[in-house]
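Enquirer: What follows is each chain in one-letter form.
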Amino acid sequence: MKPWFKPMIVWLIPLAICLPFIPLVLWSLSDRWFYPALGPQTWGLRAWLYVFGSAGAQIIASLLQSILVATITAFTSVIIGTPAGRALGLYDFKGKDFISLLFMLPVIVPPLCVAMGLHLWFIRLSLAETYVGVILVHLTFCLPYSIFVMWGVFSNYNPDYEHQARSLGASSGQIVLKIILPFTMPGLIVAGLFSFLLSWSQYLSTLIIGGGRVTTLPIMLFALMASGDRPVAGAVSIIFVLPALIVLLFSARYLGGRSVVGVR
Amino acid sequence: MGSLKIRNLSLSYNGGAPVIEKFNLDVSDGECMGLLGPSGVGKTTILKALAGLIQPDQGCILIDDVDVTALPPEKRDAVMVFQKPLLFPFMNVAQNIGFGLRMRKINGAHKQSEINNILRLTRLDGFGRHKVHELSGGQQQRVSLARALILRPAILLLDEPLSNLDANLRQEMRELIQEIQTKTNITTIFVTHDQSEALMMSQRVSLILDGRLRQVGRPQDLFYRPVDPDVARFFGGCNFFTGEIKNGQFETPLGLFPVGQDLKKNQPYTATIRPEDIVISPANDKHLRGAILRTNFEGAATRLWVQCNGVQLIVLAAGAQYKAHQNVSLHIPPDKIRLFPKNV
Ligand SMILES: Nc1ncnc2c1ncn2[C@@H]1O[C@H](COP(=O)(O)OP(=O)(O)OP(=O)(O)O)[C@@H](O)[C@H]1O
Ligand SMILES: [Mg+2]
Numbered sequence: 001m002k003p004w005f006k007p008m009i010v011w012l013i014p015l016a017i018c019l020p021f022i023p024l025v026l027w028s029l030s031d032r033w034f035y036p037a038l039g040p041q042t043w044g045l046r047a048w049l050y051v052f053g054s055a056g057a058q059i060i061a062s063l064l065q066s067i068l069v070a071t072i073t074a075f076t077s078v079i080i081g082t083p084a085g086r087a088l089g090l091y092d093f094k095g096k097d098f099i100s101l102l103f104m105l106p107v108i109v110p111p112l113c114v115a116m117g118l119h120l121w122f123i124r125l126s127l128a129e130t131y132v133g134v135i136l137v138h139l140t141f142c143l144p145y146s147i148f149v150m151w152g153v154f155s156n157y158n159p160d161y162e163h164q165a166r167s168l169g170a171s172s173g174q175i176v177l178k179i180i181l182p183f184t185m186p187g188l189i190v191a192g193l194f195s196f197l198l199s200w201s202q203y204l205s206t207l208i209i210g211g212g213r214v215t216t217l218p219i220m221l222f223a224l225m226a227s228g229d230r231p232v233a234g235a236v237s238i239i240f241v242l243p244a245l246i247v248l249l250f251s252a253r254y255l256g257g258r259s260v261v262g263v264r
Numbered sequence: 001m002g003s004l005k006i007r008n009l010s011l012s013y014n015g016g017a018p019v020i021e022k023f024n025l026d027v028s029d030g031e032c033m034g035l036l037g038p039s040g041v042g043k044t045t046i047l048k049a050l051a052g053l054i055q056p057d058q059g060c061i062l063i064d065d066v067d068v069t070a071l072p073p074e075k076r077d078a079v080m081v082f083q084k085p086l087l088f089p090f091m092n093v094a095q096n097i098g099f100g101l102r103m104r105k106i107n108g109a110h111k112q113s114e115i116n117n118i119l120r121l122t123r124l125d126g127f128g129r130h131k132v133h134e135l136s137g138g139q140q141q142r143v144s145l146a147r148a149l150i151l152r153p154a155i156l157l158l159d160e161p162l163s164n165l166d167a168n169l170r171q172e173m174r175e176l177i178q179e180i181q182t183k184t185n186i187t188t189i190f191v192t193h194d195q196s197e198a199l200m201m202s203q204r205v206s207l208i209l210d211g212r213l214r215q216v217g218r219p220q221d222l223f224y225r226p227v228d229p230d231v232a233r234f235f236g237g238c239n240f241f242t243g244e245i246k247n248g249q250f251e252t253p254l255g256l257f258p259v260g261q262d263l264k265k266n267q268p269y270t271a272t273i274r275p276e277d278i279v280i281s282p283a284n285d286k287h288l289r290g291a292i293l294r295t296n297f298e299g300a301a302t303r304l305w306v307q308c309n310g311v312q313l314i315v316l317a318a319g320a321q322y323k324a325h326q327n328v329s330l331h332i333p334p335d336k337i338r339l340f341p342k343n344v
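Protein chains in written order, with this note's numbering: chain E, 1 to 264; chain U, 1 to 344.
Hints are computed from structural coordinates only; laboratory data are not their basis.
Distance condition first, Cα-Cα at most 20 Å in a straight line; then the derived DMTMM-like pairs of lysine to aspartate or glutamate:
(1) K178(E) with E74(U)
(2) K105(U) with D77(U)
(3) K5(U) with D77(U)
(4) K342(U) with E251(U)
(5) K105(U) with E162(E)
(6) K84(U) with E162(E)
(7) K286(U) with D335(U)
(8) K75(U) with D65(U)
(9) K111(U) with E74(U)
(10) K75(U) with E162(E)
(11) K75(U) with D160(E)
(12) K336(U) with D228(U)
(13) K336(U) with E244(U)
(14) K336(U) with D277(U)
(15) K246(U) with D335(U)
(16) K84(U) with D166(U)
(17) K336(U) with D221(U)
(18) K84(U) with D160(E)
Go ahead and model the full structure; you've got the sequences and the hints to work with.
Expert: Structure, rendered in structure tokens:
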């Protein structure tokens, strides 16, 4: 193997990942770009001026809504997923296989069916077109991931650490804060991150349950794309991807098998 | 202060079959009590119950004559040290040792000086700032011990603290625990499945077999005066032969033995003699004759399997002069024989 081969591969992979973003950047910086030209014929900041100018308030509003919905969804998903994963990881009980299958269902069943089915119920419960409703429907997709990540964490977890801490005088609350939390932190972050990103990219379920009242970024993005203004759609796409990318970079060190497995 | 009374304790997991049944034990203040039993007999389970980590099905636990059965672990003055060191990987050595004090909201200079004292006591000076994964197995075990000692519990529960160590470290740690135990005079329950370790470490030993307490006593009592063949067998007893009492003598295939004990006549008894108590010599006419079946050199002694009047005996002989198929003479000193009524 040539000495330059390995570094080249290492650099090629991120490059390949970045490739699809290049047209987005080009589009957002173009003024006119018609077939069959390879690049934009005229460059311009029109799209960005629009995004930060006349459409700015609207986009910031939906950005905030997206952050709000995704953050609450992620926290709720982790808070519910952790005890569930703990039960599955640490204890054997009747019907465990069946229950784990049930948890998988929202992932297997097409999201459209889930959202449509829930919509009817949510209308009755007057949860349709509310933030709570949207967060709940996002949770149906995020929870399985949280539960499965935490299941993995807890099946490699030694509860004797908690017993030792108890015997040394820790109360139940102290055990949660001082033992369980630090032990499971990498898993919690991964579960939270998955949930955040899943919620962040939800379009269909938000549209159905939110009914146009809850306008998260993807809803906004679709509206802009439908108008056929590609430079603007490109700019908004970048704004859509950036926060997710930042969250991902921020927690990158927690990704990867070793940290999820936890400590035994 | 720290006396312990265990009354009628029965323990099980998740309503299953009881692991320990009707267990009674008294440990006096400052005593080091060895809890001995084969693997899986429920020693850890008993310690967990004493520490309050599992609730007994029945019975009660008294510390200094106060019933603590219903108290949660953190309210009991009994601290358990687990078989594995279980050091918290996200804390350094000093933080691990100070954990219990932190849980009791003891902070500042007092905590620091306590930590330093205990580091010195467990010969860990200078390791306070080390990460726990930088320590050797023996050092980890000592941190785990220090973490409990710093709380000065009334009762210290040690679950096989030496089982993860190699032979040299074991001896070192053994001496350290004994030294600390004498210095601090903490009532200690020392769990082990190793009979020699229990004999060495404890003032008294309690032996558990099949979920029941079989014998409690000084190490010499258990070793030389086992109450039944199972206890004898656990301490390495391997020679068992049967016979009957007739005319004040114990009649066996290996000959007649005068008995001092007050025993019932015409009833079968099982006798045992320790392999090192049988005196072996090259064949002569005076004593019992036997033939060596095979030998096993063990270093300080050689283990010999000897066939003698239809009974197979194991003899420990110093040195290595005996060979297989050799004819030898055996002398069984009557005062070293222990008799148990044979359950028919
Ligand atoms: N959490 C548990 N759930 C169910 N059964 C258990 C549990 N822990 C232990 N047992 C059972 O209880 C019995 C006693 O176990 P325990 O750990 O107390 O044995 P031990 O005497 O400490 O053995 P060792 O010397 O190997 O540590 C065993 O048969 C074991 O299978
Ligand atoms: Mg054990």
